[in-house]
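Residue numbers (my numbering), protein chains in the order written: chain L, 422 to 902; chain W, 422 to 902.
Simulated from the structure, these hints should not be mistaken for laboratory data.
Hints should not be assumed to be uniformly reliable.
For chains that are exact copies, the list does not tell them apart, and a pair is met inside one copy or across any two.
Stated by the list, open to error - Computed list of lysine-lysine pairs in DSSO-like fashion (alpha-carbon distance at most 27 Å, straight line):
1. Lys621 <-> Lys765
2. Lys765 <-> Lys852
3. Lys483 <-> Lys898
4. Lys455 <-> Lys901
Protein chains: 2
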Amino acid sequence: MSRLISSKEEHKYLQVAEGIEQMIQDEVLRIGDKLPSVRVLSDEYGISMGTAFQAYYHLEGKGLIEARPKSGYYVRFNNKRFPGIPSATAPEPVANEISTREMIAQVFSGITAEDRINFSLAAPSVELLPAAKLNKSVVHALRSSRHHCLNYEDIQGNPDLRRQAARLTFNWNGQVSADEIVVTAGCMEALVMCLKAATKSGDTVAIESPTYFGIFQLIESLGLKAVEIPAHPVTGIDLNFLEQSIVRFDIRACVFVPSFNNPLGSCMPDEKKKELVDLITRHRIPLIEDDIYGELYFGRQRPKTCKSFDREGWVLHCTSVSKSLAPGYRIGWCIPGRYLERVKELKLMHTVSGTTLTQVALAHFLSIGRYEYHLKNLRKALHTQCLRYTQAIVQHFPEEVRLSRPAGGFVLWVELDQALDAHRLYQEALKHQVSIVPGQIFSASGHYRNCIRIGYGRRYDETVDYGLRLLGGLVKKMAKK
Amino acid sequence: MSRLISSKEEHKYLQVAEGIEQMIQDEVLRIGDKLPSVRVLSDEYGISMGTAFQAYYHLEGKGLIEARPKSGYYVRFNNKRFPGIPSATAPEPVANEISTREMIAQVFSGITAEDRINFSLAAPSVELLPAAKLNKSVVHALRSSRHHCLNYEDIQGNPDLRRQAARLTFNWNGQVSADEIVVTAGCMEALVMCLKAATKSGDTVAIESPTYFGIFQLIESLGLKAVEIPAHPVTGIDLNFLEQSIVRFDIRACVFVPSFNNPLGSCMPDEKKKELVDLITRHRIPLIEDDIYGELYFGRQRPKTCKSFDREGWVLHCTSVSKSLAPGYRIGWCIPGRYLERVKELKLMHTVSGTTLTQVALAHFLSIGRYEYHLKNLRKALHTQCLRYTQAIVQHFPEEVRLSRPAGGFVLWVELDQALDAHRLYQEALKHQVSIVPGQIFSASGHYRNCIRIGYGRRYDETVDYGLRLLGGLVKKMAKK
């Protein structure tokens, strides 16, 4: 529908919708209240009937209002009903050799099983992805390549793809040339290469707490030690704590997810990112910035990256299209700053070069401008899903539950009763073919036993509602024991 | 042509051809001699005219005879003219921290440049690959996948692909199930994962000398030390030397290329492979077996692998289709034996999973039986190219040149005058847009300064002949100085 109205009109319906949202927020309109008819709304605001409908559709999509047949629109939910946000833990700053292998192996052994209600992925479900257009780009790649995409690709990555990746950095004021970029097998390989390039065995590395377990495992596998820096559920890393730890633990590198941290969904404000870059530049410490979720913002503007403020090449920026376009392509890239040459060497050494076909196809897809259009739709869909999942959790879970407010990305972080063991909940849920990720695996020091991560990449439907209701029931049952 | 005759007939023409080859070898037929006409041949051997022609085509393909217009067939080359084989160096068994980075980076910086006569790749040129059939499998993959190959693939690798890979192990008496296989980003990632799984930082690892430089770099990057074990140009690794070194240097793992070692092209006889496996099993040392060239044999039978003789899981078998089918797909796999679980963990950690699309396409291609047919043609083509390149080198290079006799694979190893510096030759040749690989980078201890590696993956034609003549000229010129 939104495709049919001009961007000026679009602006109008959003203004109207925001006005109504504010009234719901302020409880001028209460849950259950009937909203003005579309005709009245159109008269009141001096907008077309179409635009008025559009405003209501928008609010309905967000789960704030609902249409009742032959009756009109009613207020359904008030954001004030949102539960408290999870607490920022201040983990004991002890350098650990991490080992959380078993639990992770268990959670991931059935990650692609299709007979489950899968809340354990932090990725979009396939119906949110532009499959037909991507397939056209694959066929185009096969036809246009003189060697049918069978030859080894350039070690640094397909040059056209690197040019497109460089163009995407404009979104965050990056001024990067194709020569400064190295294409990798997803963001994970980018992190591996950058971390290997910037550290040596035995070094101590700062990470956020909670943080993506893949980062722990990586740190362990490279023979590094981790210091956990507490992160605020809304604004991210505690910079004072970080600066103290740098001195105290002789930290040699940082690995952070400044925009839409997994699992918190928090986003460091731009000015705080700048402060962080100033801090690590002053200490001459490389910062590996995982920006895999950066394009999936719910606000009006893309957040800046740390790389946006990097003047001396200490930031190694990593990202991919695995979360935003094509998980199965396994294409990511990094901008390693002063570690460029070393990262290129490591790429040659570890995987030689990336898959030619998917790189050529992606370069084509990006060059015809489909990505921006797709991202716009994806952001809207994810924001809506985030709100619907939130509402369902509020409805089905015990009242004392605390819940993150993701500003982007794919996951909700749910803090449950102190006594509850998330790993037990995970096991119970699995018996009912529902999968979540227990909080324990997001910490190296045994924190977050009472937290779970719920991915909302799947479109909200009755099955999802059933799954969340079931989870809520299990939590209530376990709390009673 | 060979497609048109039955396999029984094929056997006949090969018998006849071998008979003639032997006569040339024994100088019963000398260079310049006229061969019997096709009719006479057919009468003499009691074969059809077609089969007689086939025998001559075969010998012509090998470069041993030539057709002269309106005159008949003549002997062109005698294998006795082959130069001596390169000497087996016995490198000082000193454990080194390897650093040959700069030269390798230089050689590989322009590896995909298309304006060169490229003898520096150990890979098939694209006209030897079944591009159209592979593309059909890609399109089939896109159409048959419910999620358009956009979802993350199984971490261990696509199950159908693993079943096909398990089936391929029948070729060497392997009895491996799909569950024992981990799909990787080419053979290189398989080596990385296996080496990481089987060693820890600081360990000493045995490698062949000369050996593929990628293996050195990898060893360095993992903080390991290398001990070079001398390899015979025909029969491979010196097992006595290996056993002594195991004790003397506390070797914790071996990384060998037992079939068609790069750069020597040597192949350990099957019984020697068995001895090697007995040896490492006795010492409880993991053997990482790089079998990437195993299917590309020139003889009648595929050589066995070390894994064929492995009863206790100490052999970690690694291979890929990069050399035999689709370099750009970046698909390999390993059978890690007792290190299976650790390799699966590392795979999740380092690249999560492989590219879905190319895995599904490859599984399809393998399932329809095209691979065997293609391999048969590829082996023939490579054997022919190997012989033609050899003949050209004999013709254009100084007489004292020594030359390997590859029994399979893609490369010739050329030993030049002691005084010649291969890296200087590399630089000189590059000025004329001809690229080779200097021998230095195949050793960690500065051996092979007077050797070069020449890849014959490109079909023999006038450009190749020009390139080899140019190289020979440069060698002669440098020798005079």
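The hints, checked one at a time:
1. Lys621 <-> Lys765: both (17 Å within a copy, 24 Å between copies)
2. Lys765 <-> Lys852: Intra 46 Å, inter 25 Å, cutoff 27 Å: inter-copy only.
3. Lys483 <-> Lys898: neither (30 Å within a copy, 78 Å between copies)
4. Lys455 <-> Lys901: neither (38 Å within a copy, 99 Å between copies)
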